[in-house]
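Q: Sequences listed follow chains F and B, in order.
Per UniProt numbering, the first sequence runs over residues 1 to 153.
Per UniProt numbering, the second sequence runs over residues 1 to 705.
Hints were generated in silico from the structure; no laboratory data involved.
Each hint should be verified, as a subset may be incorrect.
[Said to hold, decoys possible] Computed footprint of chain B on chain F; a stretch qualifies when at least three of its residues, placed anywhere within it, have a C-beta under 8 angstroms from a C-beta of chain B:
1. 13-26
2. 40-49
3. 83-91
4. 97-106
[Unchecked claim] Incomplete in silico selection of chain F near chain B, CB under 8 angstroms:
5. PHE36
6. MET111
7. ASN112
8. LEU114
[Claimed, not checked] Result set (DSBU-like, lysine-lysine): computed pairs, CA atoms no more than 35 angstroms apart in a straight line:
9. B/LYS556 <-> B/LYS499
10. B/LYS457 <-> B/LYS556
11. B/LYS589 <-> B/LYS499
12. B/LYS601 <-> B/LYS338
13. B/LYS345 <-> B/LYS396
14. B/LYS345 <-> B/LYS458
15. B/LYS492 <-> B/LYS457
16. F/LYS88 <-> B/LYS634
17. F/LYS82 <-> B/LYS634
18. F/LYS85 <-> B/LYS634
19. B/LYS492 <-> B/LYS505
20. B/LYS701 <-> B/LYS634
21. B/LYS396 <-> B/LYS456
22. B/LYS601 <-> B/LYS666
23. B/LYS701 <-> F/LYS85
24. B/LYS701 <-> F/LYS82
25. B/LYS505 <-> B/LYS666
26. B/LYS701 <-> F/LYS28
27. F/LYS88 <-> B/LYS701
28. B/LYS277 <-> B/LYS381
29. B/LYS458 <-> B/LYS505
30. B/LYS634 <-> F/LYS28
31. B/LYS571 <-> B/LYS634
32. B/LYS505 <-> B/LYS571
In this text, a Cβ means the ideal position worked out from N, Cα and C, and glycines have one as well.
Listed below are the residues making up each chain.
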Amino acid sequence: MGRATSKDPQALIHSLRSAYAATPFSLKIIDLYVGFAVFSAIIQVVYMAIVGSFPFNSFLSGVLSCIGTAVLAVCLRVQVNKENKEFKDLPPERAFSDFVFCNLVLHLVIMNFLEEMVKPESCLIMSCRCRWSSCPAEPMGINFAQNITTSMK
Amino acid sequence: MARNLGRFLVLIAAALIYSSAIASSIFQPISDSHRSAALELFNPLGGSFSSVEETYEELRTFEVLGIDRRSDISTAACQSVLEILGSSSSTLKDLFYALKINGILQCGIKEDVFEGVASRLQAVVGGASALLDFYYSVGGLVLIKGQTSKDDLYLADAEGVFRSIKALSQSDGRWRYNSNNPESSTFAAGLALEALAGIVSLSSSEIDQSLISTTKNDILKLFDSIEKYDDGAFYFDEKLVGAREHQGALSTTSSVVRGLTAFAAVTSGSLNLPRGKILGLAKFFLGIGIPGDAKDLFNQVDSLAFLESNTYDSFGSCCRVSIPLILSLPATVLSMTKKDALKVKVSTVLGSNAPPLTVNLLQVFRSGSKDTSLIESQELKFDPENAVYTLDALPKSIDVGKYTFVFEMVLHDSDHKNLYATGGQTRIPIFVTGVIEVDSAEIAVLDSDLGSIETKKKIDLAEENTVSLSANHLQKLRLSFQLSTPLGHAFKPHQAILKLTHETKVEHMFVMGSSGKQFEIILDFLGQVEKFFYLSGRYNIQLAVGDAVMENSFLKAIGHVDLDLPKPPEKAPQPPAQPLDPNLIYGPKAEIAHIFRAPEKLPPKELSLTFSGLTLLPFLGFLIGLLRLGVNLKNFPSSSVPAMFATLFHLGIAAVLLLYMLFWLKLDLFTTLKALGFLGAFLMFVGHRILSHLASSSSSKLKSA
C-alpha cells in the first residue's frame, strides 16, 4: 500500500474537477439548483437550532419545501442524464414537465401546511389540525413529499 | 342566633294573628286606602283614557270616594263628550257614557244638541229588540231628562217598551240579551232592571201595576239564585259560562245591585228583600278589600254607593232596599298588659257615620268551644267624639287566648229599623294577649336505674343561663317548668320545644309534654344514642316557648351538657350533612380568573431578520453560479408562435405561484383549487405545446447532426 502524501487529496480534487467539467451543461445547472435548495434548508435548520422550533409548521414547510425541491431536482437530473440507459427513451422535455408538475403539487401542499397568518376563520382541512405548535409534529408533509418522489421514480 | 330565632317566633306569631284575622272575615268599610288605590289605578297614560266608558268609571269612582281630580281630566273629557254628542255616527254605548260623564262634569252642552240626541235615542227605543239597545237608549234618555230643563221628555209608548223588555225575561228572574238567544244571564237581569226603571221614570202616565208587580216578583226570584260565602257574604254569579261576554261575580253582582236600586227608587211599595241578603251583598263588595283592577274598583265603589244612597226614592218616601251598616274593629288583638279597651266602629259601607244606635256585646266564646258564653250581655259606651263604641275594661273572666265576640246593633229610632240593615248579630274573632308567667324551671340529670337525682339546677327562663352539666348514656336529662296565665290558669302554648345542638351543628328537637301547668321532658339517653348518631361531646341546650297570644314568647339558652356516649357500632347511621350556608349557595360566586395561553417565546427580531437575509444567500450563490457557468437564453424560441407559448408557459407558472401566495395569505382551499383547475389546464396546454416544440426541434437537431 502506498503511503498517502499531501498531494493525494489535491490530485483527487483535481481529477474530480476535471471529471466534473465533462458533465453536460444542463446537468451542471441542475446541480447548482440542488445545491441552492440544500443550502437554503441548512440555513433554516441552523436557525431552528438557535431559536427553537416555534412555529413548527412554518419550519417544517420551509425545510420540506427545500428538501422536496432538491429531491425533485435530483429526480430530474437522473432522467435528463444521457448516460442513464434506463431513461434513454424519455425526452428531457417530458422529464422537465414532470418536474414542474410535481413542484406545483408539492408547493400547494407546502402552502397549506404553512402556518396561517391572517385567516384563522377560513382555515380548512389540513391547516386547522395543527394550530401553532399545540400538536405533535405530524409527518404528513414528509409522507406527501416522499410519496411524490417515489412515484416519480 | 338566639336573637334571630326570637325574631322569627315573633314573626310567626304576627303571621298567625294576621291570617286568622283575614279568615275570620272582618269587613272594613271603604277607607283612605281605597282612595290611594283609586289614584294609583286610574292613572291614564298621557292623561286620556282609551274609551268614554273608562273615563266615566274614573270620574264616578272619584266622585263616590270624594276625590277632587276633576280639573285634571275634565277639559279633555268634556271635549270628547262634545264630540260624541255632536256626531251623528257615534255609537249608542258612547252616547250613553258621554251623557253619564256630562252628568258628573256638567260640560255645558247646548239644548239643541240634547234635542238631537234625544230624538235619535227615541227612534232607537222605538225600533229596538236587543236588551243592550234598550239599556243604552233608555238610560241615555233618562240622563238627558235629568240634565236638561225640559220636563216634557216622555217615551211615546212607555208601556209597550216595558212589555218588550219584559218579554226577554226568563222564569227564574234572569234575562236574555235578545230574543234570538235562548241563554239567560244574571248580568243582563241587572241591565234590564235598570232599563225598566228608566222607562218608569220616562213614562207620562202610570205604568200598569201588574207589570210592576211581576217585575218585583222577578227580582225576588233572582234573589233565590243568590250564592253565599261562609263568612256571610252574598253574591250573584253568572251561570252562563262560555258566553260571548262572560262577566265575573263582581261585575254581575254590581249590575244586579245597580238595577235593583234603580228599580226600587222609581217604584212605590216595598220590595220586601231580606235585609240579611242586602247586608251580605255589601259584605261581598267589602270583602274584596282593595281591588287591583280599575274596573273592579269602579264596580265595588259604584255598587256600594248605590247601596248606601238608595234612601229616598222619587216619591219622597222611604227606601225600598235597606242600607247596610258595617260593624268593624280598629284592632282585633287586645293586650291584657296594656289594658287595651275593646273598641267598635259602626259605619255605612262608604265609611260615613251610622245613625244613633246602641252596640251590645252579647256573648263571648272561647274559640273552639261552642258552649256557654263567658259573660253577661252588656252595652258598649258611645264616645261621640271619635264615633267609637268602647268597653273600658275587658270582662274579668277573660284570660289570654282566642275568643269570638258577638255584637248586636240596636237602632234607637224605630223608623230606622226599616231603613238600615244591621244583620242581627255580628261575630268577630278577637285575640287577647298577655304575659305568661314562667315558674319553677329546673334542669336535672338523673341516674337511670334508680331515678335518683345526680345534679339538679334551678334556672331562670327570663334570661340566658349558662348551666353546665355532664351525663353519660346511662343517665337521663330532665327539664321542667310551669306556665300560667295572668289569671292563673294553665296555659298550653303552640310551641314548647327543647333543642340540643352538638358542636358539629347537628340539631335535635324535642317537643315538651305537659300536664296542667307543669311542662316536663325526660330525655333517656340510652334510648336516644342512635338518634344522637353516637356523637359524644358538648351539646348546647335551648328552650323555645311561643304562642300567638303570649307576649313574652322566648327562645333562651339554658347552658350545655357534656354527653359521653358509647362508640358507634359498625353500620351506625351517619349524622346528616349540615345544610350549606345560604351565602355559599346564593352568594356571589368566586371570580373566574381567565387563563390565556402564554405567548410563545419569540427570538429577537434582528436574529430573525438576519436569517431571512441569509436564506437569500444560497439564491445569490445560485445566480452567481449560473453566471459563471455562462447560462444564456439563446435557446429561447425565436419564431413568434413558440416564443409566445414559452412566455405564456412561464407566466402560467408565475401565476400558479402567485395563487399559492394568495392561498397562504387569504384564500381558502376551495377557491384556490377552483382557480388552480383553470390555471393548471391552461398551463398544461401551453406547456405541452412549448415542450413538444422543443422536443421536436432538438430531435431534428440530433438528426441533422
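Q: Hint check: B/LYS505 vs B/LYS666, CA-CA at most 35 angstroms. Holds or violated?
A: Given pair B/LYS505, B/LYS666 is violated - Cα atoms ~66 angstroms apart, limit 35 angstroms.
Q: Holds or violated: are the alpha carbons of B/LYS492 and B/LYS505 at most 35 angstroms from each other?
A: 29 angstroms, holds
Q: Can F/ASN112 be said to touch chain B, with a Cβ gap under 8 angstroms?
A: 7 angstroms, holds
Q: Verify the proposed pairing of B/LYS589 with B/LYS499, using a straight-line Cα cut of 35 angstroms.
A: 33 angstroms, holds
Q: Does the structure keep B/LYS701 and B/LYS634 at a Cα separation of 35 angstroms or less?
A: 15 angstroms, holds
Q: Given that the region 13-26 of chain F was listed as covered by chain B, double-check it with a C-beta distance under 8 angstroms for 3 or more residues.
A: violated (count 1)
Q: Below or equal to 35 angstroms on CA atoms is what counts here, so check B/LYS457 against B/LYS556.
A: Given that 35 angstroms is the threshold and the Cα spacing comes to 16 angstroms, the pair holds.
Q: Given the hinted pair B/LYS458 and B/LYS505, is their Cα-Cα distance within 35 angstroms?
A: Holds. B/LYS458 to B/LYS505 sits at ~26 angstroms (cutoff 35 angstroms).
Q: Between B/LYS492 and B/LYS457, does the CA-CA distance stay at or below 35 angstroms?
A: Distance ~24 angstroms between B/LYS492 and B/LYS457 Cα, so the pair holds.
Q: Would the pair B/LYS345 and B/LYS396 pass a check requiring their Cα atoms to be no farther apart than 35 angstroms?
A: Distance of about 23 angstroms is within 35 angstroms: holds.
Q: Taking the least C-beta to C-beta distance, is F/MET111 closer than 8 angstroms to chain B?
A: 4 angstroms, holds
Q: Between B/LYS571 and B/LYS634, does the CA-CA distance stay at or below 35 angstroms?
A: 102 angstroms, violated
In summary, the numbered hints that this structure violates are 1, 3, 12, 14, 21, 25 and 31.
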